[in-house]
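K.L.:
Sequence:
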Amino acid sequence: MMYQQGCFAGGTVLRIANDLAENNNGARVLVVCSEITAVIFQGPNEAHIDSLIGQALFGDGAAAIIVGSSPVAGVEKPLFVLVSTAQTIIPDSEDALKLHLCEAGLTFHASKDVPNLISNNIEKSLVEAFQPLGLGISDWSSIFWAFHQGVKAIIDHVEWRMGLKPDKIRAARHVLSVCGNLTSACVLFILDELRKVSGGWAQDHWGRARVGCPLWVRARTHH
Numbered sequence: 001m002m003y004q005q006g007c008f009a010g011g012t013v014l015r016i017a018n019d020l021a022e023n024n025n026g027a028r029v030l031v032v033c034s035e036i037t038a039v040i041f042q043g044p045n046e047a048h049i050d051s052l053i054g055q056a057l058f059g060d061g062a063a064a065i066i067v068g069s070s071p072v073a074g075v076e077k078p079l080f081v082l083v084s085t086a087q088t089i090i091p092d093s094e095d096a097l098k099l100h101l102c103e104a105g106l107t108f109h110a111s112k113d114v115p116n117l118i119s120n121n122i123e124k125s126l127v128e129a130f131q132p133l134g135l136g137i138s139d140w141s142s143i144f145w146a147f148h149q150g151v152k153a154i155i156d157h158v159e160w161r162m163g164l165k166p167d168k169i170r171a172a173r174h175v176l177s178v179c180g181n182l183t184s185a186c187v188l189f190i191l192d193e194l195r196k197v198s199g200g201w202a203q204d205h206w207g208r209a210r211v212g213c214p215l216w217v218r219a220r221t222h223h
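In the UniProt record's numbering, the protein residues as written are 1 to 223.
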């Protein structure tokens, strides 16, 4: 069981599940992400005004996925294939996001600089993730994205900075508008949304940003 990982947990647990599956031939690893926001619900407090943002932003949700290796031919058909993972810490982000567990519950703090911090660093992180695979990508709209959205401003900044076509992160916008920020469960909800509308996308690769404290960018390549 993993806890107190915040928005970073979805990417972390997929990495761990992938490691388990790769090192145990034929393994099937059940991943479950569950989030309940009751712990952040509290009355207004002048010392923690930011917590009101968290109460408006975060939502309850749970999702599950099975990660495995060596699929049985003719029986199992993977929806996504995890090729590699990479992660980095965004510089100067120590105070950008904070979650404090105290007697009053969970208090939330987010800097107004978070969208810029992520959008200014995501391209470098993705380049570092794709280069070892021999994939020099110049057009970031040529890949498909399962992007942990955080808030609308993060989506807008990344879309502009990376020159993405609007449909590339439509799934992230949809999940945010319908469910809010589901922290660890976000990535599974977005992958499910991509599954519903993917068509032939399964042959592409994708990058995804995960947000933690301090800010981390985790990139994954799938096909």
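Among the hints, a few may not be true.
[Unchecked claim] Below are the DSS-like pairs computed for lysine-lysine, each with C-alpha atoms no more than 25 Å apart in a straight line:
no.	residue 1	residue 2
1	Lys124	Lys168
2	Lys112	Lys98
3	Lys77	Lys196
4	Lys124	Lys77
5	Lys168	Lys196
6	Lys112	Lys77
7	Lys152	Lys168
8	Lys77	Lys98
9	Lys98	Lys168
10	Lys152	Lys196
Note that these hints are calculated values from the structure, not bench results. Treat the numbers as computed from the prediction; the structure is a model and nothing was measured.
K.L.:
Look at each hint and say if it fits the structure.
P.N.:
Against the structure, the hints come out as follows:
Among the hinted pairs, Lys124 with Lys168 is consistent with the structure: their alpha-carbon atoms are about 19 Å apart, no more than 25 Å. As the CA atoms of Lys112 and Lys98 are separated by approximately 13 Å, the hinted pair is consistent with the 25 Å bound. For the proposed pair Lys77 and Lys196, the alpha carbon gap of about 15 Å is at most 25 Å, so the pair holds. As the CA atoms of Lys124 and Lys77 are separated by approximately 33 Å, the hinted pair breaks the 25 Å bound.
At most 25 Å may separate the alpha-carbon atoms for a hinted pair to count; Lys168 and Lys196 meet this at roughly 14 Å. With a C-alpha separation of about 43 Å, the suggested pair Lys112 and Lys77 falls outside the 25 Å cut-off, and the hint is violated. Distance restraint check for Lys152 and Lys168: the Cα-Cα separation of roughly 15 Å lies within the 25 Å cut-off, and the hinted pair is therefore satisfied. Distance check on the hinted pair: Lys77 and Lys98 sit about 40 Å apart at the alpha-carbon level, beyond 25 Å; violated.
The hinted pair formed by Lys98 and Lys168 fails the criterion: a straight-line CA distance of about 29 Å is larger than 25 Å. About 22 Å separates the Cα atoms of Lys152 and Lys196, which keeps this hinted pair within 25 Å; it holds.
In this structure, the earlier hints numbered 4, 6, 8 and 9 are contradicted, and the remaining ones agree with it.
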